[in-house]
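Asks: For this one, chain D is given, so just place chain E on it according to the hints.
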Amino acid sequence: MSQQLIKVRPTKIELVKLKRRLSLSQRVQKIVKDRLSILTMEFLQIARETVKARGKLVESFAESYKALSLASGYHGYIALEKELLAAETDLSIITGARNVAGVRIPAFELAKSEKAIQQYNLADTSAWVDRAAQSSEKCLEAIVELAELQRSLELLGKEINRAKRIANALEYITIPSLQATINFLNLKFEERDREEKTRLKRVKILIGER
Amino acid sequence: MIPFKELKIAVIGDEDLLGGLRLAGIREYYPIANDHDKRENVRKALEELVKKSDTGIIVMPEDYLGYAEDIVSRVKKGNTATPVIVEVPSKSGTAYQDIPGYYGTFMRKFLGFNVEL
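Those protein sequence lines, which keep their order, are chains D and E. Under numbering that gives the first Met the number 0, the first residue of the first sequence is numbered 0, with each subsequent residue one higher. Under numbering that gives the first Met the number 0, the first residue of the second sequence is numbered 0, with each subsequent residue one higher.
Please keep in mind that the hints were generated in silico from the structure rather than gathered at the bench. For clarity, every value in this text was computed on a predicted model and none was experimentally measured. Some clues are possibly wrong.
Said to hold, decoys possible - If you only want the chain D side, here are some residues facing chain E, beta carbon under 8 Å, derived: (1) Ser-71; (2) His-74; (3) Arg-103; (4) Leu-139; (5) Glu-153; (6) Ile-159; (7) Glu-195.
What the hints assert, rightly or not - Over 10 Å on every C-beta distance to chain E, these chain D residues come out as not near it, computed from the model: (8) Phe-42; (9) Ile-142; (10) Lys-187; (11) Phe-188.
Said to hold, decoys possible - Subject to a maximum C-alpha distance of 27 Å in a straight line, what follows is the list of computed DSS-like cross-link-like pairs (lysine-lysine): (12) D/Lys-81 <-> E/Lys-7; (13) D/Lys-157 <-> E/Lys-90; (14) D/Lys-81 <-> E/Lys-90; (15) E/Lys-37 <-> E/Lys-75; (16) D/Lys-163 <-> E/Lys-108; (17) D/Lys-65 <-> E/Lys-90; (18) D/Lys-157 <-> E/Lys-108; (19) D/Lys-137 <-> E/Lys-4.
Where is the CB? At the ideal position from N, CA and C, for every residue including glycine.
Just chain D, with the same shape it has in the complex (with noise of 0.2 Å):
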């Protein structure tokens, strides 16, 4: 296999140079493969929560879409809609992040809103609606905790492609052409040794001859 050599003259200073690079690329490739190790089962851990998140959604919509088609069903659709203008609230979700291993991943929140009492009309309303309203609020929290999973998951992937390729070049570019130079290098002080010291050999013989 031959490697790609890096053209530098020489000289003992750029082997040394050389030396130094090498021992420097091999440090950073035993941290990125660290790091990429650390990346892989956070992606694993976080792959399996989304799983489970993604089955409690599809769960829990499914039970409020039943709730809803009964309340709609026994009220009527222009009935609910004023009950649906009623109980909209300014919601929010709080946003945070955390950090694995230089990724940014976010955390959300659904912030509670200081609803203790259902907004809409609870005297004209039935127990219909109160059950979908439950279960339209657990598929909100499950949205909420599915999106940050899912946006973990897609971040921390990225991170990964990046790193492993930053230790693949490492692994299987930068340094096996740096040993490849620094073996070449070796090899050529000493052919320069050996020829010096022919050199001087029949420097003797010439002198021995006058």
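Replies: Chain E alone, transformed into the frame defined by chain D:
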């Protein structure tokens, strides 16, 4: 530490989806009528939401993914944490019956190998 932000949840969807989530308290919603402008309307609403800086989560039915694939993949490729587009099942059920399988493809794409979840 990283500053905390308060962001909104927005929903793009049909009557059924909106009905439930409005009952849960969502105020920001984009109703999509079931007519032949559906595709344009979905894309317009999504573009608008993505541009807004205070959108945290965009909820939309799985069926709409086909209408706006380029926008969704652009958002997914972005480096910022938000907005996040969450696809939820529509009234007729979910397209992802096989949830571990769905995330399995994800994993193969990023890790290069498959792990049983």
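Asks: Please name the hints from earlier in the document that this structure breaks, with their numbers sorted from lowest to highest.
Replies: Per hint list: 2, 7, 8, 9, 13 violated.
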